[in-house]
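Peer 1: Residue numbers (the working numbering), protein chains in the order written: chain A, 1 to 298; chain B, 1 to 250.
Careful, some of the hints might be misleading.
[Claimed, not checked] Across the chosen pairs, the derived CB separations fall in these ranges:
(1) A:Gly94 / B:Ala126: 46 to 52 Å
(2) A:Arg155 / B:Thr188: 30 to 36 Å
(3) A:Arg155 / B:Asp237: 52 to 58 Å
(4) B:Leu81 / A:Ala75: 42 to 48 Å
(5) B:Arg195 / A:Val89: 45 to 51 Å
(6) B:Gly116 / A:Arg155: 14 to 20 Å
(7) B:Ala120 / A:Val89: 36 to 42 Å
(8) A:Glu86 / B:Asp215: 40 to 46 Å
(9) B:Arg139 / A:Gly94: 48 to 54 Å
(10) A:Leu98 / B:Arg195: 56 to 62 Å
(11) B:Arg139 / A:Leu67: 45 to 51 Å
(12) B:Thr143 / A:Arg155: 16 to 22 Å
These are computed hints drawn from the structure, not numbers from a lab.
All C-beta atoms, glycine included, are put in the ideal place defined by N, C-alpha and C.
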Amino acid sequence: MATYIINLAILIGINAILAVTLNFILGYAGIFSLAHAIFFGIGAYTAAVAAMKFGADFAAATAAGMLVSGVISLALALPALRVRGEYFVAASLGLQMLALTVFSEWKSVTGGIGGLIGIPPPRLFGFDVSDPVLFLALTLACLGVILIAIRALVRSSFGRSLKAIRDDETAASALGKNVALLKTLAVMVSSSFAAVAGSLFAFFLSFINVESFVLEVSVQVIAMVIIGGTGTLLGPVIGAAIVLLLPALLTYLPYLPPTEIGSIQQMIYGLAMVLLMIFRPSGLWGYGSSQDRKRAAP
Amino acid sequence: MTGEILFQADNISKTFGGLKAVDNVSFALRAGIITALVGPNGAGKTTLFNAMTGHLVPDRGAVTFLGESILGLPHWKVARLGIGRTFQDLKLFSHMTVLENVTTATESGSWLWQTGGRAAQVERSARIERALDATQLQRRRDTRAVDLSYAERKFLSIARIMASGARLWLLDEPASGLDRSSYDRFLTVLRNEVRAGVTICIIEHNLDIVQSISDRIAFLDQGRLLAEGEPKTILSDPALAAIYFGERAP
Ligand SMILES: Nc1ncnc2c1ncn2[C@@H]1O[C@H](COP(=O)(O)OP(=O)(O)OP(=O)(O)O)[C@@H](O)[C@H]1O
Ligand SMILES: [Mg+2]
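Pulled out of the complex, with its shape left as it was, chain A reads as follows (with noise of 0.2 Å):
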């Protein structure tokens, strides 16, 4: 039991970091993003090969992880962000589906379908963490890191920056704002921090497979997001326990038969999503509501 319950508060964990992420591009830039999986994945992969190959540390995986992750997403960002958010969506969408096939094609990097087995255990510093508490730790430790970065980065002129492209991005380029530019930075940010979240999964899981990094992932990142409330700091944090939590109790509730629950629990979400952008529009975390919303309406 209490295994179960440190191995659902590190995945919470791992998930906040996603969310908390993507929210950095979609709550402050305004970005829409369908491809966070991708450097979930990117992430998972280049540090489970690092461990498996160079007999990389945690810190060593995660920072090539990082790295590689960074460099990928300007193969996207570079071409997509000189163009409207509209087509931002479509090549995201695009790049999700050509690298989840790469992944499951490159079969002497990834494994293939099969995915990678074995990844060793994680160390830190010379220690072995890949005990349930210490992994815990060590998650809650990137969490608090990339929040706090995250925080940094919002408060600070890019921050700003972000945003006001976020409300407009003519009224921002007429103040001087190099758009481009500035959404291509927010987008590395995000997927080299994203990419943390996928080494903490290699080790954790010590295997992965493409089926973590689908595009229901992606989608269900978004949930978290809207969900616990975007452009706000522990709004996505809160979104990830609820979406993760929600299946967990619902296994507890009597009488439910235990083949529906995937089901049921599709049409909590959805419900939680109509009636979100019905009343609380800026999530269950966000500032104001709805009537806010409604006066903006030019």
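Since chain A is already given, all that's left is putting chain B with the ligands on it; use the hints.
Peer 2: Same frame as chain A, now just chain B with the ligands:
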């Protein structure tokens, strides 16, 4: 009264489909004065601004600022040269506070953090406070732009351009819909800024405002520049008045 030529447009044209929105317009903005751009609805005033700031590229013609061509430069590069503008629909950063709206206007020059250290920081805050004082938005500094009144929003768009430090201001109907006392305050802000060295080109429909504030008037109709000159000459021309008030001669 008129100084050096700050900005010059030569024979610029812009068509949308078959429509000549701006048709072979040439005009100059001289430093240190207020030029009013007037003309009926759809005359091409906003399109002319867009062509001047790189928001759209004219089909033909040349655009120079301080003697250098700025034709084809992206919007943000034009802005960094010191050409600021406001928009007819304001384009405020709605979900940011008044203070954030004004602060971000002072921070165009770098990426993650601002350069220039402490001295630059002090200079930027001084600019921010001056803009908030002049537009009387101090007590609203922590209010989000969407929650402001109509007049306050108009003043916020002025505060933003003030804080940006632009030396040429292109204002697109900044006073429309303001009540009497607001627009007196507004005119005071503009006069003070011109005294401090700013050059202004303002699109304005109210001819009383135009008369009381402008040093030159450019009159645009159906994409063409019909006249350019001293306010009293332009405003007393019966042919222009007829066009302006829609009594077009057959
Ligand atoms: N992006 C565009 N695409 C197509 N037509 C346009 C575009 N922008 C402006 N026009 C047209 O060009 C003409 C000039 O428009 P513009 O907005 O410049 O006029 P204006 O003088 O600013 O008018 P107003 O006083 O109503 O603001 C209008 O007929 C308008 O419909
Ligand atoms: Mg107009």
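Peer 1: Hint by hint, which ones does the structure fall short of?
Peer 2: Checked against the structure, the only hint that fails is number 4, while the rest are satisfied.
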